[in-house]
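Participant: Produce the entire structure from the sequences given, and follow the hints as far as they go.
Taken in order, these protein sequences are the chains called A, B and C.
Just so we're aligned, residue 7 is where the first sequence starts under the numbering used here, counting upward by one.
Just so we're aligned, residue 95 is where the second sequence starts under the numbering used here, counting upward by one.
Just so we're aligned, residue 420 is where the third sequence starts under the numbering used here, counting upward by one.
Any given hint could turn out to be false.
[Said to hold, decoys possible] Heads up, simulated DSBU-like pairs for lysine-lysine below, C-alpha to C-alpha not over 30 angstroms straight-line: (1) B:Lys416 <-> B:Lys571; (2) B:Lys624 <-> B:Lys284; (3) C:Lys580 <-> A:Lys11; (4) B:Lys322 <-> B:Lys284; (5) B:Lys606 <-> B:Lys624; (6) B:Lys468 <-> B:Lys487; (7) B:Lys543 <-> A:Lys66; (8) B:Lys185 <-> B:Lys276; (9) A:Lys64 <-> B:Lys218; (10) B:Lys468 <-> B:Lys606; (11) B:Lys218 <-> B:Lys168; (12) B:Lys468 <-> C:Lys440; (13) B:Lys606 <-> B:Lys416; (14) C:Lys440 <-> B:Lys487; (15) A:Lys64 <-> B:Lys276; (16) B:Lys218 <-> A:Lys66; (17) A:Lys64 <-> B:Lys543; (18) B:Lys221 <-> B:Lys168; (19) A:Lys64 <-> B:Lys221.
[Stated by the list, open to error] Listed next, with one range per pair, are the computed distances between beta-carbon atoms: (20) A:His16 <-> C:Met604: 28 to 36 angstroms; (21) A:Ala65 <-> C:Leu543: 21 to 29 angstroms; (22) C:Leu598 <-> A:Ala212: 46 to 54 angstroms; (23) A:Ala170 <-> C:Ala456: 31 to 39 angstroms; (24) B:Val448 <-> C:Gly514: 56 to 64 angstroms; (25) C:Arg601 <-> B:Asp445: 56 to 64 angstroms; (26) B:His453 <-> C:Leu543: 25 to 33 angstroms; (27) A:Leu108 <-> C:Met604: 43 to 51 angstroms; (28) C:Ala590 <-> A:Arg213: 46 to 54 angstroms; (29) B:Pro161 <-> C:Pro544: 51 to 59 angstroms; (30) C:Leu543 <-> A:Leu25: 27 to 35 angstroms; (31) B:Asn507 <-> A:Leu25: 30 to 38 angstroms; (32) A:Ile138 <-> C:Gly592: 54 to 62 angstroms; (33) A:Ala104 <-> C:Leu496: 33 to 41 angstroms.
Hints in this document: simulated from the structure, not taken from any laboratory.
Note that CB positions come from ideal geometry on N, CA and C, so glycine has one too.
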Amino acid sequence: MPAMKAFAAHLLRMVALVLASGIACAILVRSAPGALVDERELDRRLGEDSLAALRAQKAKEAKLGTVFVRYLHGLILGDLGYSESNHEPIAALIAERAPETLRELAIGLAGAWLLGLGLAIPSGRWRQSRYIFLAYDATSTIAAGFLLSLPAALVAYLCLVAGAPASVVLMLVLAPKVFQFARNLIVQGYGASHVAMARARGVGEARILWAHVLRAAAPQLLAVAAVSASMAIGAAIPIEAICDVPGLGRLAWQAALARDLPLLVNLTMLVGLVTVAAMAVAETVSKHGVAPAVGATA
Amino acid sequence: MKRVFWLTAAVSLLAGIAAGAELRFALHDDPKTFDPFLAADEPAEAVRYLTEGVLIRINRLTQQPEPELASSWKIENHGARIVFHLRSGVKFPDGSPFTSADVVETFHRLLDPALHSPIADTFKTDKGAVQVRAEGPLTVIVDFPAPAAGMDRLFDQVAIVSAQATQRPAPGLGAFLVAERKAGVSILLKRNPAYWKHDADGRPLPRVDAIHLDIEQNRDLEMLRFRKGELQFIDKLTPDLYERLAAEIPAAAVDAGPTLDSEFLWFNQSPRAPLPDATKEWFRSTAFRQALSEAINRADLCRVVYRGHASPAAGPVSPTNKLWFNPGVRATAFDPGDAAKRLAGAGFRLDGGVLRDQHGNAVEFSLITNAGSKTRERMAAMIQQDLARLGIKLNIVTLDFPSLIERMTRTLNYEACLLGLVNVDADPSELMNVLLSSASNHPWNPAQKSPETPWEAEIDRLMLAQAATADYRERKKSFDRVQEILHEQAPILYLLHPNALSAISTQVAGAKATPFFPHTFWDAEHVTLKSRAAGGL
Amino acid sequence: MKAVRTVAMVFLILIAVSAVKPEWWTPAQYDTQFRDAPDAPPSTRFLLGTDSLGRDRLSRLLHGTRVSLVLAPAAALLSCLVAGALGGVAGLAGGWLDRAILAAADLFLSVPWLFLLLMVRACLPLNVSPMHSAAITFVLLGALGWAAPARVVRAAVRQLKDSDFVFHAQAAGCRARRLLWRQLMPNVAPVLLAQFWVAVPAYILAEATLGMLGLGVSEPLPSWGGLLREIEGSALGSQMWVLAPAFLLTAVVGSFRLILPREDYSV
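Facilitator: Rendered as structure tokens:
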């Protein structure tokens with residue numbers, strides 16, 4: 007019962023945070039210059055009546071409280087609202103664009119984990135052979151450091167020129183971070199006394215890796231996985247904007263450029279939901295183990 | 095003989111289909127709408143151009159109106175009436191015949207006050223809107239409330255819709271039909287089997303089976319795909335990309351000459367602007383504006399920013415627009431010495447490298463422009479250096495379009511603005527909502543209740559006069575004078591007219607680039623694709 | 420590893436010194452336009468060639484370096500100060516204040532700031548000099564980046580608060596202010612310092628990404644982001660020198676990462 011209560015409290019906090027992110031976004035968009043203008047106003051063919059009508063249409067968004075209450079009412083009824091800049095219902099827009107982003111995230115995250123974990127495991131495995139470990143560790147750390155030292159937008163552009171898809175960009179952006187977190191966990195895992203004992207008992211390396219190292223590090227790895235998912239969502243916006251991927255990231259970028267308030271609120275809440283959920287997973291796991299140190303993000 | 099002809103036609107048609115002749119090029123954004131009456135953005139206009147039929151089409155090569163769904167037309171009643179004789183035997187894709195009822199229904203829908211179509215607004219004046227009535231199944235009479243100049247050209251944008259269609263937007267009378275749309279990815283257009291046109295040899299048009307429009311915002315990626323042979327056209331190239339393409343594949347890069355577009359900057363002269371009085375005083379000084387016009391090196395802007403693919407502008411009309419260009423007005427020559435003299439004459443003085451007005455205020459102001467345009471940012475940086483020679487400090491601010499529009503039209507909280515104007519039509523009436531002092535889009539001082547300066551009053555009078563007559567010579571005389579006033583008073587510093595830079599793949603036959611939109615696919619129905627074996631990019 | 424860190428440190432010092440007075444090494448100011456030589460390849464006159472307006476690339480690169488090397492640490496300092504204050508208060512006070520600050524931090528972390536920065540940027544006044552606009556960009560980054568370090572500081576403070584030595588100090592009658600300055604601050608400082616070193620390269624990279632998206636520093640002042648934007652549309656195959664800002668940025672950020680305390684990567 008206390009577990010249920012804690013879960014409910016967590017859920018309530020998440021909902022409150024997501025709603026707060028939506029409200030924060032709405033306030034920011036509404037108070038930014040250009041919130042109540044329509045780009046069509048510059049169409050010099052438009053007469054004064056049409057201009058006045060366009061302005062009246064946008065003026066409906068002036069009262070933020072009313073807009074948000076109307077939005078929440080619609081949300082309860084399953085209606086996410088209408089995107090003026092795309093001339094399409096928002097639910098349909100998200101349904102159209104989400105598969106592309108989900109595919110990109112799934113491939114990017116899977117690739118990043120395969121690469122990051124794949125490169126981290128030998129670091130631990132060769133921990134005892136000093137020179138091999140040093141050579142391998144230095145090489146992989148330098149490679150990861152190099153990738154971490156490139157702005158995501160530049161990686162995206164270079165991949166674009168090379169013809170690589172956005173999921174590869176995401177993989178290259180996330181893999182070094184996964185590597186850095188995973189490397190330390192795995193090196194620590196291989197250094198544990200029960201691993202030495204297992205080796206002494208003649209347990210095979212594959213079993214040591216699976217049953218002793220990965221299983222022991224599983225909670226922290228799960229926390230890292232949650233954090234990497236939220237990082238991936240954040241990285242997807244500039245990557246999609248630069249790589250021209252017709253996903254939710256590009257949609258968000260265009261919505262911001264067009265000051266499409268309802269669409270921006272929905273997308274902010276969606277990103278907020280994923281991030282808050284990821285943080286909740288990481289936090290829950292951290293209570294049972296050690297939390298990963300999340301670096302400063304901007 | 096007749097049988098042989100049909101056999102040949104069938105074989106050639108089948109050969110085309112077997113080859114899967116599909117033209118592919120990119121739009122730089124998703125069309126905002128598929129409603130042909132609301133199309134205002136370039137992608138939507140491109141789709142409308144390819145999929146809809148119009149009564150009169152402006153030939154992009156000759157700039158002359160040509161019969162399309164109207165086999166002929168006649169202007170009557172001193173330019174206040176146009177009578178259309180419609181083409182017979184034309185059918186909509188659903189098989190229903192095209193008649194005058196469709197044209198009447200089209201205008202009924204277009205002029206619906208609730209629609210607020212930009213196209214409809216070109217058919218409305220302060221005296222009312224046009225009246226459209228059918229006279230028999232193949233004759234339509236359109237009455238304008240007053241004589242309207244260049245009225246036939248307006249019909250190039252009016253897509254004729256079916257009166258009987260139950261779902262909107264319905265397939266139109268254009269060469270292609272929208273067959274499939276993947277939002278944000280692509281639009282597939284397929285040939286309209288009911289299309290009425292045939293080529294000179296009697297073969298049905300269009301010659302290609304489909305057009306695949308990819309939504310591609312990134313210009314580098316578009317170029318990359320063009321070079322790989324995946325795209326056959328690039329309708330608009332940046333000067334940088336054009337130069338790269340011209341170096342790599344000279345045959346594919348096309349410079350079709352100056353467009354009707356112009357790049358310009360203006361100073362905020364509105365008395366309502368929340369600017370210091372001193373700043374307003376500078377901007378309202380003709381000598382100040384003229385001096386700054388002289389201080390800007392237009393030739394350098396064309397040479398450096400546009401790599402030579404632009405020409406210095408004298409006014410709103412490009413030299414390409416031979417009908418309306420006033421050759422007596424020349425682009426202001428770069429003369430910083432004369433500019434300094436003008437400023438000195440107006441009470442400005444140079445004090446330790448800083449230009450000060452007669453009250454001792456340092457001349458410093460901001461220039462806003464839209465973010466994301468490399469050419470405008472570069473132009474702004476060059477203007478900044480040119481003005482620095484006079485001791486003027488210019489701060490460049492790039493803003494996204496919504497905040498730019500808000501500053502320009504609502505708060506008027508800006509000092510100078512650098513923008514461009516894309517002209518679709520060559521007629522001066524296009525500029526009515528820009529040049530009339532009462533217009534909301536009058537850049538330097540919008541929505542004036544009555545003209546605040548005598549020269550603006552004269553521009554108003556001349557613009558209204560040219561619009562009220564169908565006589566070309568009278569119109570030209572009025573509009574020539576408008577161009578002279580704009581040059582003398584310099585409320586807008588016209589900088590340059592960019593050239594139309596495009597790419598046409600060597601896989602394509604029958605395509606010719608023009609300076610007018612659409613530059614490359616304006617004659618898509620006559621375009622053919624060479625077989626891969628024949629080579630080409 | 421120590422040798423590598425020393426090399427990285429020396430490299431950073433060299434770059435910082437060369438960026439202090441770029442005029443000493445370059446033929447012109449960063450904004451001087453040699454209009455007769457736009458897009459010139461590297462030569463003895465222009466070591467890294469010129470940009471599309473004929474401005475010396477080396478000069479722009481060194482000035483851009485100075486902008487990033489001065490402003491990124493300043494922004495990192497700002498976010499660390501805010502993080503130290505809020506994280507410290509949350510950790511010490513506990514209760515509703517802790518929950519409120521933690522919720523605010525979570526809110527800041529959950530909002531996708533990248534596209535909302537567009538809005539924030541549009542609110543800025545027009546008549547600011549390029550240097551001020553650059554400073555504003557970094558201040559914005561600093562102001563938005565407090566949440567993650569604040570969580571770390573809060574966790575550290577809570578741990579310290581529950582530690583034995585604090586308990587003993589309290590039992591010995593140590594007053595709150597003394598406890599804060601003499602017991603807690605010296606122990607939290609290394610945590611904040613580590614966060615500072617993490618934030619510096621993060622802000623350099625963030626500015627670069629913003630610059631590539633067209634949200635960076637305004638003309639004519641160069642920044643790494645603005646310089647990287649010039650790569651777009653360039654023929655990389657034949658103009659490799661346009662990648663110089665990318666190489667320098669990678670080397671500088673990589674050096675910052677190398678001199679980071681190693682423990683900071685740990686889980």
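Participant: Taking the hints in turn, state whether each one holds.
Facilitator: Tested hints:
1. B:Lys416 <-> B:Lys571: Holds, at roughly 14 angstroms.
2. B:Lys624 <-> B:Lys284: Roughly 19 angstroms between the alpha carbons, so the hint for lysine 624 of chain B and lysine 284 of chain B holds.
3. C:Lys580 <-> A:Lys11: holds (28 angstroms)
4. B:Lys322 <-> B:Lys284: holds (24 angstroms)
5. B:Lys606 <-> B:Lys624: holds (15 angstroms)
6. B:Lys468 <-> B:Lys487: The given pair, whose Cα atoms are some 21 angstroms apart, holds under the 30 angstroms limit.
7. B:Lys543 <-> A:Lys66: holds (27 angstroms)
8. B:Lys185 <-> B:Lys276: holds (28 angstroms)
9. A:Lys64 <-> B:Lys218: holds (24 angstroms)
10. B:Lys468 <-> B:Lys606: The given pair, whose Cα atoms are some 27 angstroms apart, holds under the 30 angstroms limit.
11. B:Lys218 <-> B:Lys168: Measuring from Cα to Cα gives roughly 20 angstroms; hence the hint holds.
12. B:Lys468 <-> C:Lys440: This hinted pair holds, its Cα atoms lying about 29 angstroms apart.
13. B:Lys606 <-> B:Lys416: holds (20 angstroms)
14. C:Lys440 <-> B:Lys487: Holds - the C-alpha atoms of lysine 487 of chain B and lysine 440 of chain C are around 23 angstroms apart, at most 30 angstroms.
15. A:Lys64 <-> B:Lys276: Roughly 28 angstroms between the alpha carbons, so the hint for lysine 64 of chain A and lysine 276 of chain B holds.
16. B:Lys218 <-> A:Lys66: Roughly 27 angstroms between the alpha carbons, so the hint for lysine 218 of chain B and lysine 66 of chain A holds.
17. A:Lys64 <-> B:Lys543: Holds, at about 24 angstroms.
18. B:Lys221 <-> B:Lys168: OK: lysine 221 of chain B and lysine 168 of chain B at ~23 angstroms, within 30 angstroms.
19. A:Lys64 <-> B:Lys221: holds (28 angstroms)
20. A:His16 <-> C:Met604: 28 to 36 angstroms: holds (33 angstroms)
21. A:Ala65 <-> C:Leu543: 21 to 29 angstroms: The hint (21 to 29 angstroms, Cβ to Cβ) holds, given that alanine 65 of chain A and leucine 543 of chain C are roughly 25 angstroms apart.
22. C:Leu598 <-> A:Ala212: 46 to 54 angstroms: holds (52 angstroms)
23. A:Ala170 <-> C:Ala456: 31 to 39 angstroms: With Cβ atoms ~35 angstroms apart, the hint holds.
24. B:Val448 <-> C:Gly514: 56 to 64 angstroms: holds (58 angstroms)
25. C:Arg601 <-> B:Asp445: 56 to 64 angstroms: About 57 angstroms separates the Cβ atoms of arginine 601 of chain C and aspartate 445 of chain B, which means 56 to 64 angstroms holds.
26. B:His453 <-> C:Leu543: 25 to 33 angstroms: holds (28 angstroms)
27. A:Leu108 <-> C:Met604: 43 to 51 angstroms: holds (46 angstroms)
28. C:Ala590 <-> A:Arg213: 46 to 54 angstroms: Given about 51 angstroms between the Cβ atoms, the range holds.
29. B:Pro161 <-> C:Pro544: 51 to 59 angstroms: holds (56 angstroms)
30. C:Leu543 <-> A:Leu25: 27 to 35 angstroms: 28 angstroms Cβ-Cβ, so the 27 to 35 angstroms window holds.
31. B:Asn507 <-> A:Leu25: 30 to 38 angstroms: holds (33 angstroms)
32. A:Ile138 <-> C:Gly592: 54 to 62 angstroms: Cβ of isoleucine 138 of chain A to Cβ of glycine 592 of chain C: about 57 angstroms, so the range 54 to 62 angstroms holds.
33. A:Ala104 <-> C:Leu496: 33 to 41 angstroms: Roughly 40 angstroms apart at Cβ, these two residues keep to the hinted range, so it holds.
Of the numbered hints listed earlier, not one is contradicted by the structure.
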